[in-house]
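**Student:** Dock chain one against chain two, each of which comes alone in its own frame, and use the hints as you go.
Residue numbers (the working numbering), protein chains in the order written: chain A, 23 to 203; chain B, -2 to 234.
Hint data in this document are derived by calculation from the structure and do not stem from the laboratory.
One or more hints might be untrue.
Stated by the list, open to error - Pairs of lysine to aspartate or glutamate residues, derived as DMTMM-like cross-links and limited to a Cα-Cα distance of at most 25 Å, are as follows:
id	chain 1	residue 1	chain 2	residue 2
1	A	80	B	56
2	A	158	B	27
3	A	80	B	61
4	A	55	B	58
5	B	163	A	47
6	A	65	B	58
7	A	158	B	56
8	A	80	B	24
9	A	55	A	72
10	B	213	A	29
11	B	171	B	189
12	A	158	B	58
13	A	65	B	56
14	A	65	A	160
15	A	65	A	76
16	A	55	A	69
17	A	158	B	11
18	B	163	A	86
19	A	80	B	58
20	A	80	B	38
21	B	163	A	41
22	A	65	B	24
23	A	55	B	61
24	B	171	B	144
25	B	213	A	86
26	A	55	B	56
27	A	158	B	24
28	B	197	B	173
29	A	55	A	86
30	B	213	A	41
31	B	213	A	47
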Amino acid sequence: MTNASPEIAALISRTALRDRTAFRDLYGRTSAKLFGVVLRILKDRAEAEEALQEVYVKIWQRADRYVQGGYSPISWLVAVARNHALDVLRARKPVSDDIDLALDIADGGPDPEQATMDKGERGRIDACLDTLENDKADCVRGAYLDGFSYEELASRHSVPLNTMRTWLRRSLLRLRECLSA
Amino acid sequence: MSLGGEHDGRFEDDRVLIAEYALGLLEGGERAAVAHRVATEPVLAADLVLWRERLSTLDNEFVETPAPANAFSRIERRLFGEATTAGWWNSLAVWRGFAGAAAAVAVIAVGLNIATPRPDATALATQLVAALQANEGSGVEFVALYDQGSGEVRITSLSGQALADKDYELWYIKGDSPAVSMGVLPINEKREIPLDAAAKAGIAAGTTLAVTLEQKGGSPTGVAQGPIVAVGKVLPI
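Okay, chain B solo, but in the shape it has when bound (with noise of 0.2 Å):
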C-alpha cells in the first residue's frame, strides 16, 4: 500500500490499516485478511483497541431513538425459544403450559418417594407430590413432597449448582392469586418447611410450585423478580 511516498514501510501501514478497519473502510478480502490479523497479532488488536475507544468519542452523535416495542420479546424469542413478556409472573396460560410438562416427571417423583420409607395407608391418601422440573434449560429440580397430615413440605433438590451471591427462592401459585413465597432453598440437600394457615390452605391438588433465582436471601419485595429455574404442578398421588 502506498501512501505517496510521505509514510513508507509496514509499520506505518499497519498503523493506517487498523484505523481503515476501525472504521470500516476496509471490505472483502482486505477486511478479512485484518480480521485474521487483529485476531492473531495482539499489538494490532491493542491498536484497534485504542482506535475505537478514541472513535467512540463520536458515539454522542448517535440519537438515541426508542426501539419498536415488540423487538425485546422477538429477540428473546430467537434466544429461548419463546416470548416472556412483562406480565408473564401472573400469566395463567404459561403456568398451565409449564404444569403439562410437569405431570411426566412426576412419575420418576413418586418413584423417588416409594424409595423413602414407606408411609401409612392413611397418610398416603393425603399426600400430594410435584416435580419442578428444569425450566429453559437451567439444570435446576426439585422435587416436593406435601403431607397434608403433618402441614410440612419437604423439598430435595435433585439436579442444579448452588450460585455465588444468589438464592433459589421456592413460591407456590393457586390459580389467579399472586405467587406467594415459602422461602429460599438450599441445593443438594433436603429441607422441611413447615407451612402457615395461608399456604396449607393455598396448596392442593392443582397448585403450582415454583423456584425462581433471587438475589441473596430471596426477594425483598415479595414478588419475584428473578427468573423461573424451575416449576411443576401439585399432584395427588
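Isolated chain A, as found in the complex (with noise of 0.2 Å):
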C-alpha cells in the first residue's frame, strides 16, 4: 500500500458511486492492512474476520462521506476499521450507532488543501512521542495500536485510574504542542 494514495483514493471515490469492481480492487489492495487493525486490536482471529466484514461493510455504504472528510485515503479506511474494532472490544454488547461515532464529519471540515499541508507534519509524531517518557509514550502506542482503555492501562502500569486519566492527558497536551510548534 506504500504510496498508493492516490490510487486507494480513487477507488474510495468510485465505491461512493456504487462501482463493485472498484470496491473488489479496494478490498485486495487494503484488507491485509484493515486485518492487521482488527486483528491487533481484538487479538482474536474469530472476531476479527467477523470485524474485517462488517469494515468493508460500513466502507461500501460510507464510502461517500471519505470524498467530504479531508482524510488521507488509508488513514481514513485505518480509523474506520480502529473504531470498529473498538467498538467490538469496548462494548461486547449491542452497539449504539457507532456508523456515526467511527466516521464523524461535520459540516465544513477542513479542507483538503489544509489536510495536505497536515500530512507533511504527521511524521513529526514520533519525535514528540519520543519527548515523553517512555511510560508515557507506551501508554499512547498501547491506546493507539492495541485499543488499551485507561482501566487497562492503569492496571498495566500499576497505577491508580485516576492517575493513568491526568497522565495521559497532560501527555496527549504535551504532545499537541510539540506538534503544533
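**Tutor:** Now the structure itself:
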C-alpha cells in the first residue's frame, strides 16, 4: 500500500459511486492492512474475521463520507477499521450507532488543502512521542495500537485509574504542543 | 474535567478531549457526547481530523496480515445478497440462474415488438427476442430482437442512465464458450448491430445476452471486466 494513496483515493471515490469492481480492487489492496488492524486490537482471529467483514460493509455504505471528510485515504480506512474494532472491544454488548462515531464528519470540516499541508507534519509524532517519558509514550501507543482503555493501561502500569487519566491527558497536551510547534 | 491545575478552562479541555476521543479512550456516555459535539462543531471535527492524521503515522505498526480467503465473498453476500466468485463470468450456473428470471420479462418484450411495424409471417418465424433484465438493482434494461433473415440484432434500452467515462458493452454467451463482444451500446436510442458469420452461428434460442459496464470504448481486452448490469436469454417468439 506504500505510496498508493491517489489510487486508493480513486478506488474509494468509485466505491462511493457504487462501482463494485472498484470495491473489489479496494478490498484486494487494503484488506491485509485492515485485517492487521482488527487482529491487533481484538487479538482473536474469529472476532477479527467477523469485524473485517463489517468494516468493509461500512466502507461500502459510507464511502461517500470519505470524499467530503478531509482524510488521507489510508488513514480513513484504518480509522474505520480501528473504530469498529474498538466498538467490539469496548462493548461486547449491543453497539450504538457507531457508524456515526467512526465516521464523524461535521459540515465545514478542514479543506483538502489544509489536510495536505498537515500531512507534511505527520512524521513528527514519532519525534514528539520521544519527548515523553517512555512509559507515557507507551500508554499512547498502547491506546492507539492495542485499543487499551484507561482501566487496562492503569492495570498494566500498576497505577490508580485517576493517575493514569492525568498522565495521559498531560501527555496528550504535551504532544499537541510539540506537534503544533 | 480537571487537569491537575496545570491546564484549566474549556478550551484546553476540548483539545485533550478530542485527543482522547481519537485514541478511543472515552467510553459510554462521554464518548457519545463527544461524538455529538464533533458532528455539530466544525472546529472539533477539524481537530479530530488533525489528531487522526497525526496518529496515523503509527499505522505502520499494524502488521499486514492476509485476510481469510472467503472473507470477500461473505462481504459481497452481505451487501449484495449473493457471492460473486472470480470465475463468475464463465460459470454456467450463474447464467442459467439469470436466464430463468429473464423469461418472465420476455412477455413484455414481445408486446413491445408487436407495437413496431408488423413483420410478415415468414420473418416472424425466424425472429428471436431477449429481454435483458436489470441485474442487482442496476436499473439498466434492454430488449434485443434478432432477425435471422437480416442478420441484425436490434437493441433498445428501456431504462438506465449513461455514465460519464463508462460504456455499456453487449456480449453473447453460447453454452460453455467464453463471452463474445458485440460492441458498445448507446442508452436511450435504438441500435442495429449487423452480425458477422461467427455471431450468426453463435446466437440461437438459448444463447445468453448480457450487458456489462466497461471503460469508455468497451473492454480493451475482449474479455468483460466490469459488472453485469443486464442479462437475458434469447427465446424464440
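**Student:** Would you pick out the hints that fail for this structure and give their numbers low to high?
**Tutor:** Of the numbered hints given earlier, the structure breaks none, since each of them holds.
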